[in-house]
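Student: Given next are the chains, with one letter for each unit.
Protein chains: 2
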Amino acid sequence: MEIAQNYMGPLATNTMLRINENGNVVGTIIVNCEGFPETTTLDSLTAATYSTHMRSLSHYAGNALKEIDVLDELVVLRLVSRKAEAVVAPDHEFHLIVVMRRT
Amino acid sequence: MEIAQNYMGPLATNTMLRINENGNVVGTIIVNCEGFPETTTLDSLTAATYSTHMRSLSHYAGNALKEIDVLDELVVLRLVSRKAEAVVAPDHEFHLIVVMRRT
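Protein chains in written order, with the working numbering: chain C, 1014 to 1116; chain W, 1014 to 1116.
Quick caveat, the hints were computed from the structure, so don't treat them as lab data. Any given hint might turn out to be false.
Keeping only pairs whose Cα atoms sit at most 20 Å apart, straight-line, the calculated EDC-like set for lysine to aspartate or glutamate is [what the hints assert, rightly or not]: (1) C:K1079 with C:D1104; (2) C:K1096 with W:E1080; (3) W:K1079 with C:E1080; (4) C:K1096 with W:D1056; (5) W:K1096 with C:E1080; (6) C:K1096 with W:E1098; (7) W:K1079 with C:D1082; (8) C:K1079 with W:D1056; (9) C:K1096 with C:E1051; (10) W:K1096 with C:D1056; (11) C:K1096 with W:E1086; (12) W:K1096 with W:D1056; (13) W:K1079 with W:E1098.
Pairwise CB distance ranges, derived in the manner of DEER restraints [what the hints assert, rightly or not]: (14) W:G1022 with C:L1030: 45 to 53 Å; (15) W:D1085 with C:H1072: 16 to 24 Å; (16) C:E1086 with W:G1048: 41 to 49 Å; (17) W:G1036 with C:E1080: 25 to 33 Å; (18) W:T1028 with C:S1057: 37 to 45 Å; (19) W:L1030 with C:L1030: 20 to 28 Å.
C-beta: ideal position from N, C-alpha, C; glycine also.
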């Protein structure tokens, strides 16, 4: 599987390859803090759409959590639809998005 | 566990009781289509906060999914934080929200 990537370092690349080895994974995206896909195994249009939406979703979710408990922090947001499953793991610098087939 | 409820019918009540039997469940909320908690096992402030946020989150997520694939539909949205876990299952008339302890 080809990884269209800017320079992310071997650790990030290895993690993406490991995740992509799972048969149910359609692709992974690493989104930078400006909301643009930095590295992805998906086509750029899909990656851009997922990046925009999943990032704002996790941003909103994080803020909502802070309203319930100021000390709380979002770890993972999982979105299950009829056709696919998307997971976003937010971090200060990068967000990792994994898109999966429904099992 | 007391259920502060408007009339929801025995089926909804039984489902909520069944979910609440799980030791990790902190509480459940049924949100009506206007975004107000209809039935809940949580205190009303927490229920109201979760209702507002989880409903807009699932609304946003549903729309984002439709932009990726028009025929797709949100089934479940799961939010994992450091301290808790919240799941929302959206439906046309009601949304079911379950708040859980992290295991």
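Student: Next, verify each hint and record whether it holds.
Tutor: Hints and how they fare:
For the hint linking C:K1079 to C:D1104, the alpha-carbon distance of about 15 Å falls within 20 Å, and the restraint holds. This hinted pair checks out: C:K1096 and W:E1080 have alpha carbons roughly 13 Å apart, not beyond 20 Å. Taken as a hint, the W:K1079 and C:E1080 pair is broken in the structure, with Cα atoms around 28 Å apart against an allowance of 20 Å. A distance of roughly 35 Å separates the Cα atoms of C:K1096 and W:D1056; the hinted pair therefore is violated under the 20 Å criterion.
Restraint check: the Cα-Cα separation between W:K1096 and C:E1080 comes to about 13 Å, which is no more than 20 Å; the hinted pair holds. Distance check on the hinted pair: C:K1096 and W:E1098 sit about 23 Å apart at the alpha-carbon level, beyond 20 Å; violated. The suggested pairing of W:K1079 with C:D1082 is violated, with an alpha-carbon distance near 31 Å, which exceeds 20 Å. For the suggested pair C:K1079 and W:D1056, the alpha carbons sit about 18 Å apart, so the restraint of at most 20 Å is met.
For a cut-off of 20 Å, the pair hint linking C:K1096 to C:E1051 is broken: about 25 Å separates their Cα positions. Pair hint W:K1096 plus C:D1056 does not hold up; C-alpha atoms about 35 Å apart against a cutoff of 20 Å. A threshold of 20 Å between alpha carbons decides the hint, and for C:K1096 with W:E1086 the separation of about 8 Å falls inside it, so the pair holds. For the given pair, W:K1096 sits about 18 Å from W:D1056 by alpha-carbon distance, which is consistent with the 20 Å threshold.
Simply put, W:K1079 and W:E1098 have alpha-carbon atoms about 25 Å apart, too far for the 20 Å limit, and the pair is violated. Between W:G1022 and C:L1030, the C-beta spacing of about 51 Å keeps the proposed range 45 to 53 Å intact. The hinted range of 16 to 24 Å is satisfied by W:D1085 and C:H1072, whose Cβ atoms lie roughly 22 Å apart. Separated by about 25 Å at the C-beta atoms, C:E1086 and W:G1048 break the suggested range of 41 to 49 Å.
For the pair W:G1036 and C:E1080, the supplied restraint of 25 to 33 Å holds, since their beta-carbon distance comes to about 27 Å. In this structure the supplied range 37 to 45 Å holds for W:T1028 paired with C:S1057, their Cβ-Cβ distance being about 43 Å. Here the CB-CB span from W:L1030 to C:L1030 is close to 46 Å, at odds with the stated 20 to 28 Å.
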